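Undergrad: Here's the letter readout for the chains.
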Amino acid sequence: MRQAELVLALIMGLVSASLMWKSAELPVGWIPDEGPGGGAFPFWLSAGMLACCVWILIRWVRNPTGVAADEGPYIAPEARSQIIVVTIALAVMIGLVHIIGVYGAVPLFLVFYLRGLGRHGWKLTTAFAVATPVVTFFFFEAALKITLPKGYTEPLFYPLYDWFM
Amino acid sequence: MEILTHLLEGFGIAFLPLNLGLAIFGCLLGLFIGAMPGLGSVNGVAILLPLTFLVPPTSAVIFLGAIYYGAMYGGAISSIMLGIPGASTAVATTFDGRPLARKGMADRALVAAATASFVGGTISIVLFTMFAPPLAAVALVFGAPEEFALMLLAFATFIGLGGDDIPKTFFSILIGLVLSAVGLDIVSGQPRLIFFDIPGFFHGINFLVLAIGIYGIGEILWTIETSHKGIEVSQARLSIPRFVDSLRSLAGTAKTMVMGSFLGYFVGILPAAGATPGSLMAYGVAKSISKDPDSFGKGNVDGVVAPESANNAASTGSMLPMLTLGIPGSPTTAILLGGMVIWGLEPGPMLFIEHTDFVWGLIASLYAANLFALILNLAFIPAFIAVLRLPFTILAPVIFILCLVGGYAPTQDMHDVWLMFLFGVVGYLLRKLDYPMAPAVLAIVLGPLAETSMRQSLLIGHGSPAIFFERPISGAIMVVAIVLLALPLIRLVRRAVRRSADA
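Line by line, the protein sequences give chains R and F. Quick note: the first sequence uses my numbering, first residue 218, plus one each step. Quick note: the second sequence uses my numbering, first residue 139, plus one each step.
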């Protein structure tokens, strides 16, 4: 915890500084008779973020309490590997949406999660992997008219579009 | 009398078949969401908001309002049966709910929680119906300076009353505001904060991207970590005679219910406070006025009744500033407020004039939702207990997929899905270090409104910030806000003075 507090405060400080720099692309000063320029609002708010990070860092050094004094692990060790696997699986799923679309990535993710992580039976896994995309299609594409990304699988949906849209 | 006429009209809208069906369905869904350990109203409303694009705004808000209510009822179920709060708003319910369940009186605790929720909900909606129209009438004269002052006050309550780490709360508010500034500058129209020239930033960052990231993805990661240990579901013996007996025994808790309802309602109005501190305070008061304070924490029914009436009352209370002033009183209402903007409504007092069907349809449906939630809760207790045994490895991937699709739907841009993922993971990591997340969500919703009203005020005042203090109402609100902002500093100085006096 104590190390994580330091690392995250440093990273957030860097983020704040780069936000200030980015905001300064627009006028951050006071325009007479008009008030602050277009970049002023985010610039001074980011400056405030940076000040908060400095505050957290000073406290970390001088008078650590709470998480800053906690020598325990940042993420519970028994859950750590699962958290990492789930996070990577999510990123892979979102990445796959670009290539094989929602209707390819979602069933794959469900099979991985239910079968691989949850150790559920094939019957339940298959039921979810089939039902979820079907329900999603009817709700979003047919009822809401929101076209979800399909990547290279787009041509497969042309006949379905003709029926439901 | 005018209020009654409006209310009757509202009931006409609330009882339209579509709205009534959505209210009942919303209550049921809310009860399930609330009963799931870790998930509460804010998660349900954030994840399901994109699904409401299917129906008109009034039906959408009725559905989401019903989820809000149902989740407040449902939170008690896992607090009592698992000893794990179903949502942070039901933390105080575990204190006595769990010991009651251990003693084999889970059914009594569940009935007490549902009844108290109903009383809290009903009292608070009556208060709401009486207070909302006059407050909206007062707010009609507010101009840009007053609006800005109110928003500053909303943020100041997090600093002065939120109880979280001060620099981290400030940080959370500021990052939410900065994220809301991404896109095009509202005054000059120039592009602003377009990181790495990625075109996806031109349309700004929709508040739902942050809300679903934090309350969907971040929350599930959090729950995966905290629920890793095995959980033990208490047994509940259910029968009609026991049920009647439980109801009868509640007569003695009427005073606690009324106290919890009023306390919860008024605490709920404050943006930083809301249902969680409201229910904890009600628990504390119930204990201090009890004739038998020692039995608290060991299974006193009053200890279940107080927080449960307070958290339902608080959820109604938090809708008061949202509807009348356009300032949300809780993270859930912040998301509802953002939803109103998506639906094309302008939050604030004008709603009471221009969209009476929306306002009164919602208010009337809250009366109905409260009743449905009570009936459904009592009728389906066994079903909800079964839900608690549902493995999280089924629920988690389904929620992840709802997040994916829900994050995509508002803007239909994969860029936002990646941002949502990033916010979810970073939000989880920050939350582990006690950075509060609610201020950031409130800030990203209010950010564009705050900046517009601030810059409009400055234009009126020819660039002088004195305008905020010259007008009586905005001046008074600004002073209160500044006092709240200074409160932690005053505490710090007092502590330092005392320390040097001791030394």
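Among the hints, erroneous ones may be present.
Not everything, but these chain F residues come out facing chain R in the computed CB check (under 8 angstroms) [unchecked claim]: (1) E147; (2) F404; (3) A517.
Keeping only pairs whose Cα atoms sit at most 20 angstroms apart, straight-line, the calculated SDA-like set for lysine to any residue is [stated by the list, open to error]: (4) F/K570 to R/Q220; (5) F/K570 to R/E288; (6) R/K239 to F/I324; (7) R/K362 to F/K570; (8) F/K570 to R/L223; (9) F/K393 to F/D430; (10) R/K239 to F/V325; (11) R/K362 to F/W481; (12) R/K239 to F/A547; (13) R/K340 to F/K393; (14) F/K570 to R/K340; (15) R/K340 to F/D430; (16) R/K362 to F/I336.
It is worth saying that the hints were derived from the structure and are not from the lab. Model, not experiment: these values are computed from the prediction. We treat Cβ as the ideally placed atom computed from N, Cα and C, and that holds for glycine.
Undergrad: Please list, smallest to largest, the hint numbers that this structure does not respect.
TA: Structure breaks hints 1, 2, 3, 7, 12, 13, 14, 15 and 16.
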